[in-house]
Amino acid sequence: MKEYYTNNQKETEGLATQLAQDLKGGELLAFSGNLGAGKTVFVQALAKALGVKENVTSPTFVLMKVYDLKHNKADKFVHVDCYRLSGQEDLFDIGLGDYLNHDNIIVAVEWADKIINLPKTAIKINIDLITEDKRKITIN
Amino acid sequence: MKVLAIESSCDETAIALLEGKGNSLKLGKNVVYSQIDIHKKYGGVVPELAARKHVDTIIPLIDDTLAKNKLKGIDYVAVTSGPGLVTSLILGMATAKTLAFINNLPLVAVNHMEGHVYSNWLSNTGLAKNSNKYFPALILVVSGGHTELVLMKGHGEYTLIGQTLDDAVGEAYDKVAKLLDLGYPGGPIVSKLAEKGDGSLHIFPRPMIDKANYNFSFSGLKTAVLYTLEKKKQLSKKDISDICASFQEAVIEVLVKKTIKAALKYNVKSIMIAGGVSANIELKKTLSRESKKINLSFFYPKLEYTGDNAAMIAVAAYYNILNKKDNVLQGNKVFDLEPHSNWQLSKNKI
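Top to bottom, those sequences are chains A and B. Position one of the first sequence corresponds to residue 5 (this note's numbering), numbered consecutively onward. Position one of the second sequence corresponds to residue 399 (this note's numbering), numbered consecutively onward.
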């Protein structure tokens, strides 16, 4: 487990960019943290660093959005938001089965704590709000 | 030309029959089976439950709609193919594909947001009679999943002018409702409470209001509401109404200001609003007033067509067919159609 402290949005984005560089394709990133913690900010920066050209907007309503990538290994980035889920569903229930465990796909799940049976291989990222600007980010 | 339309993109199963002839649109049947009571207790749509319910309702609903005539006289089948929940979309699509294939009918793949745009045609006969008079039109698309400014140069011709960079407006309403523990869906509850509140009491941020583009951001606004709540120890009924009113005032000010600015810049002939949030009375009132000031016609859908329905899908399909768009599929080709969970209106091809 690694702990990071960021003092502003730019530093959070920097950390996401750094993480993006370590990804090889096939990963599942599981985000947790309260409303307003900055999960979306992190995912947006990560997507940008991975080479997503479009604006990454909140997938809360449709649960997931799929983007094409320009990356050396992966060619798809899937952004999932489980905020609206009730806590009784797994990733297959929301239609993610087609996207898991493929070397060419990177999946980022926000509010992953609302998902049951999260794969053990998931990289867990928790964001805690310390003050309005400061965040504690743990990557596991 | 008779169109049978099927919509199942989220938590509503809907079927409609439309007869289009030139500039006249005659809606035969329009039924919506809402699952809202099922999902209410979970504070949002549960995809697995939604999918199961679509399975139960879709065939009986089509049966009822068609009655004894069955598919006699139907020329086209239309179906929502995205954006939406994949697990919900596939059920309407599987039904539509099967119906089209075995009855040898062409299948029209419709973008759900284009359906919302065409709910304006369904609601305003003047617009249907003389569409060209109102093009180019600027459309403010506002719903649970979308906040976009779209330039519509003609039927089926869309250019994205601006969009939210994070949360959609409807989503912001839902999240504020959840923070205040008001229930789901948040839009109608928050706007109702806002009527009684004092919107000048809390000055919430107007994100990106003075930026030189037409993009929006509502994520920070929700966070500002959260901080306000954290500072208060107890919430009275009046506090809640005031927060709702102040939140709504911030949202509407940004939406309207950017819409009017874009309307002037792109020299449009009319302004329209589309999507679930077009049910918001205050938003309609403000947009109507501001459009009048710059001498532009303002259109909005009738309340019954603001929510998800198949009538609007049928109308969008009708104009797609008239304008020979390439989303009309025949024979075996219907099985190539796949759901597009984030199908962009400005990329209106399948």
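Hints are computed from structural coordinates only; laboratory data are not their basis. Please note: incorrect hints may appear among the correct ones.
[Said to hold, decoys possible] Pairwise CB distance ranges (calculated):
| hint | chain 1 | residue 1 | chain 2 | residue 2 | range |
| --- | --- | --- | --- | --- | --- |
| 1 | A | E7 | B | L558 | 33 to 43 Å |
| 2 | A | D94 | B | K551 | 21 to 31 Å |
| 3 | B | T496 | A | E58 | 28 to 38 Å |
| 4 | B | K630 | A | T21 | 36 to 46 Å |
| 5 | B | R450 | A | N121 | 13 to 23 Å |
| 6 | A | D117 | B | S744 | 28 to 38 Å |
| 7 | B | L558 | A | L39 | 26 to 36 Å |
| 8 | B | K659 | A | E7 | 42 to 52 Å |
| 9 | A | E7 | B | D462 | 20 to 30 Å |
| 10 | B | K655 | A | G55 | 25 to 35 Å |
| 11 | A | K6 | B | N665 | 48 to 58 Å |
| 12 | A | T142 | B | K659 | 51 to 61 Å |
| 13 | B | L558 | A | T21 | 20 to 30 Å |
| 14 | A | I127 | B | L558 | 28 to 38 Å |
[To be verified] One-sided and incomplete, this derived list gives chain A residues near chain B with beta-carbon spacing under 8 Å:
| hint | residue |
| --- | --- |
| 15 | T44 |
| 16 | V56 |
| 17 | N59 |
| 18 | K69 |
| 19 | S90 |
Built from N, CA and C at the ideal position, the CB exists for glycine as well.
Does the beta carbon distance between B:L558 and A:L39 stay inside 26 to 36 Å, or does it fall outside? 28 Å, holds
**Asked** In this structure, is the beta-carbon distance linking A:I127 and B:L558 contained in 28 to 38 Å?
**Response** Holds: the Cβ-Cβ distance is about 33 Å, inside 28 to 38 Å.
Range hint compliance [Cβ, A:D94 to B:K551, 21 to 31 Å] | About 44 Å separates the Cβ atoms of A:D94 and B:K551, which means 21 to 31 Å is violated.
Take a look at whether the Cβ-Cβ distance between A:E7 and B:D462 falls inside 20 to 30 Å.
Given range 20 to 30 Å: violated, Cβ gap about 59 Å.
CB of B:T496 to CB of A:E58, is that within 28 to 38 Å? This hint holds: roughly 33 Å between Cβ atoms.
Evaluate the given range 42 to 52 Å for the C-beta pair formed by B:K659 and A:E7.
The hint (42 to 52 Å, Cβ to Cβ) holds, given that B:K659 and A:E7 are roughly 45 Å apart.
Mind checking the CB of A:T44 against every CB in chain B and telling me if the closest is under 8 Å? This interface hint holds because 6 Å falls under the 8 Å limit.
- Note whether the CB distance of A:T142 and B:K659 lies within 51 to 61 Å or breaks it. 43 Å, violated
query: Is 25 to 35 Å a correct range for the gap between the Cβ atoms of B:K655 and A:G55?
result: 34 Å, holds
Self-check item: B:L558 versus A:T21 beta-carbon gap, inside 20 to 30 Å or not
Solution: 26 Å, holds
Requested in this report: Using the Cβ atoms, figure out if B:R450 sits within 13 to 23 Å of A:N121.
Outcome: 19 Å, holds
Can A:V56 be said to touch chain B, with a Cβ gap under 8 Å?
12 Å, violated
Checked against the numbered hints given earlier, the structure breaks hints 2, 9, 12 and 16 and satisfies all the rest.
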